[in-house]
Amino acid sequence: MDSTTPPPTAAPASDPLLILRGIVKQFPGCLANDHVDLTVGRHEIHALLGENGAGKSTLVKIIYGVMKPDAGTITWDGKIVTIANPAQARALGIGMVFQHFSLFEALTVAENIALGLNNPEDRVGLYDRIVDISTRYGLPLDPKRAVHDLSVGERQRIEIVRCLLQNPKLLIMDEPTSVLTPQEVQKLFGTLRRLAAEGCSILYISHKLEEIRALCERATIMRLGKVTAHCIPSEKTARELAELMISAKLKTQNFGARAVSSHAPRLVLDRLTIRSNQPFGTDLKDISFAVAPGEILGIAGIAGNGQTELMEALSGEIPAGSPKNILLDGIEIGHEGPMARRKRGCCALPEERNGHGAVGGMTLSENGFLSANMRGALQRLGLINRKRTRAFAAGVIERFDVRTTGPEAEARSLSGGNLQKFLIGREVVQQPSVLILSQPTWGVDAGAAAAIYEALVALAKGGTAIVIISQDLDEILMLCDRIAVIAAGRISPPVKVMDATIEQIGLLMGGSRHQEPEHVPA
Amino acid sequence: MFRLEPRGERSTFWTYGSPVLAVLLTILTMGAIFAVMGAPPVTAIETFLISPITSVAGLSALAVRAAPLIIIGVGLAFCYRANVWNIGGDGQFTLGAIAGGGLALLFPNEAFWWFYPVVLVTGILGGMAWAAIVAALKLRFNANEILTSLMLVYIAQLVLVWLVTGPWRDPHGFGFPQSAMFSAGATTPMIFSGTTIHLGCLLAPLLAIVLWQVMARSVLGFQLRVVGQAPRAARYAGFSNARLTWIALLVSGGLSGLAGIIEVTGPVGQLTTSITPGYGFTAVIVAFLGRLHPVGVIFAGLLLALSYLGGDAAQINLNLPNAITGIFQGVLLFYLLGADILILYRLKRVNPAAPVTENS
Ligand SMILES: Nc1ncnc2c1ncn2[C@@H]1O[C@H](COP(=O)(O)OP(=O)(O)OP(=O)(O)O)[C@@H](O)[C@H]1O
Ligand SMILES: [Mg+2]
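Residue numbers (our numbering), protein chains in the order written: chain A, 38 to 559; chain B, 272 to 631.
Hints in this document: simulated from the structure, not taken from any laboratory. There's no promise every hint is true.
Only pairs whose alpha carbons sit at most 20 Å apart, straight line, appear in this in silico EDC-like list of lysine to aspartate or glutamate [as the list claims (entries may be wrong)]: (1) A/Lys-105 with B/Glu-280; (2) B/Lys-619 with A/Glu-447; (3) A/Lys-105 with A/Glu-148.
Only part of the chain A face toward chain B is listed, based on derived beta-carbon distances under 10 Å [claimed, not checked]: (4) Pro-123; (5) Gln-125; (6) Asn-204; (7) Thr-228; (8) Gly-353; (9) Ile-368; (10) His-372; (11) Pro-375; (12) Ala-377; (13) Gly-392; (14) Gly-398; (15) Phe-406; (16) Ser-408; (17) Ala-414; (18) Gln-416; (19) Leu-420.
Glycine included, every Cβ here is placed at the ideal spot set by N, Cα and C.
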């Protein structure tokens, strides 16, 4: 930590803001919280750590009144309370940014924020206050834009601003930085430190251990629903933290240089120009690059610069202008839809899991069928081959260590990271010849991220060309052979990761960075 | 005081409990309405809901009434699962009757074994054609299918009136607005002698089971469910929205048409100006009450069929207007929509002394 003067009330013991005692939450087939105790002091930035499915989201949902605990007490500000619903939590002064956003796609930013407020009076002057807060805390937002046009990063800003508008005493953030760029993360940390200094406590969930070390004063570590350790993150290394979470030694990862063959490229984009199918989307202009067999190409960039469109153009959701724009192993596929491309071996997974990469209300079997029906031969004579479909899902669950009750569990019952593991696994086991992933390790813990990287590298060794669209530069630098930067719908020529410097990449991301939404003067 | 608070998830209990609650509340309310109208509530309810089905004749009448409701209802449930809101079942029913009935009038001397199936298929095609207009307007001009399908009901009705008062009027019918009776070759056969139970009564549950299996096991059913639940995921998977919209509308239109042709070649026996007491609209309630599940639709269809019989019984025995049927259906839909809130919300007693309250 860079600050030399610790906050005055760093010791939580005296008069904590929030005390949880013996919280229990049982789901069918899964004890998500097993007598959890947690104390959050005033002014404190407190980390909640644990591997995927440890029960972190469940615990904070209980604090925010989204779920009811089966047992246990919550003491808030010295009084025992029952928090029956989020409105009540907000009235107490608890704000929360969810791991999965709860925004209405068809409404504007301002309308979405207004819906989350408890009192109608709050809405007076809302527009100006949104602009005010968002600029003050470095979270640029145009209140007039419709949510369905926004990238994940932008959506998250809405949730943060929505909370800040209510002047909370406790702000809960469930994996807020998974989709932010390093600069955005730094800005957010500035915001959070300032909030903490102003008297707002912060309960912070993240799998990014370096961030936890930089930001949080204390940490509570959970494992399989139980609290297993407490620590001061700045006194531990990231590796030690990770080992506390999984209570095992972490394998050192070294993806060294892979021999990238000089064979004909598997995937070629040739002057791909696409109009976005969203009113405020980013058009893709003249995108050209090629990916060789066995190569992993990383595409970095700030959210909202055309990543969504690029993903949909590659997956086939938006057809290219001409078949020649996209070549797969030399075959023109620009005009083909997702199913035809997948059949040829071009698989993709978008960043948004809920409702895009997966259907929350359907089982894992069905979600497996969603993308793997062709390559996995999961259908026969127009009927779903249930046995094979189940076996397919079970195989993914097994291989990617997805913590769930089984293939018949609904996708929405999985913890965020576990669902992500399942979806990545679903694409990987299809043995695609080209694989395109967006934010592949969004929300997965260090151990699972390592497993995903390993699987991707193995796939590449087998000759798959992989494209990773990610805002996590560290991830790209560690995993990829070459890196390109997307900004304002244009892409920079890919360079070897070994030759690239952070400054150079930062310049590419920022230099040609398109205008942020303009702020209407209040 | 009570307040609704979000559950944060769908309650499985109330998904199925809500129709039951709605039926109970409807019965209580009907009792109150009967009382206001001067009929003893308990007797009236008994007359309305129980007396019609205490005899074999009553039960077979119930089956006859339920058949079109179930056939249309399973089609609508199929369609609604895909998030396509066809409420013009009555129009597609009418067009089915017109198309198949027209063919039957044109060829009055054909052999049953081959001609009757042809008549049925023509009826199905008629219903499909009417629904196809809705699909085309929706996909071509993005016209809301709720409005277009509803408007097409009235057009279908007027076409029917024009036909039976004009070109297709029975010359020996003393000027009544009706066609000639259909020939034996185009008449829906009876299943059990001595009752009114016809082929349609058998077909209805069979179709429900077939559609249930299609929904649950086929790739097509899977695609429809994905489109209905998560349109973006359907796009990601590469399911064609246009194709699925066509299928949803053609299947529900075709089934409504089938119900129409069975009804006119069966219980009605000819084309008249009033071949449907609003089966297509009642089937909307049937579909929702049956939770958009074909098996649920069978039970819901029987209950709403009972409301028609009950209306007749109330009129005959208690001198009540048979608008009672419409009131029953309306009240039921009202409570069903109301009770469905419990799927997503729970009722919570608010203690005025609680430390935290909201101004409401
Ligand atoms: N609605 C639900 N029904 C059944 N099981 C559930 C439900 N919600 C969560 N679970 C289970 O509870 C466990 C804890 O989930 P939780 O979302 O709290 O994990 P988490 O620590 O937030 O993980 P992640 O880091 O992956 O987000 C998981 O095993 C999950 O499958
Ligand atoms: Mg979580």
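Comparing the hints with the structure gives:
no. : hint                     : in the structure
1   : A/Lys-105 with B/Glu-280 : holds, 12 Å
2   : B/Lys-619 with A/Glu-447 : violated, 28 Å
3   : A/Lys-105 with A/Glu-148 : violated, 28 Å
4   : Pro-123                  : holds, 8 Å
5   : Gln-125                  : holds, 5 Å
6   : Asn-204                  : violated, 16 Å
7   : Thr-228                  : violated, 27 Å
8   : Gly-353                  : holds, 7 Å
9   : Ile-368                  : violated, 17 Å
10  : His-372                  : violated, 13 Å
11  : Pro-375                  : holds, 3 Å
12  : Ala-377                  : holds, 7 Å
13  : Gly-392                  : holds, 4 Å
14  : Gly-398                  : holds, 6 Å
15  : Phe-406                  : holds, 7 Å
16  : Ser-408                  : holds, 6 Å
17  : Ala-414                  : violated, 12 Å
18  : Gln-416                  : holds, 5 Å
19  : Leu-420                  : holds, 5 Å
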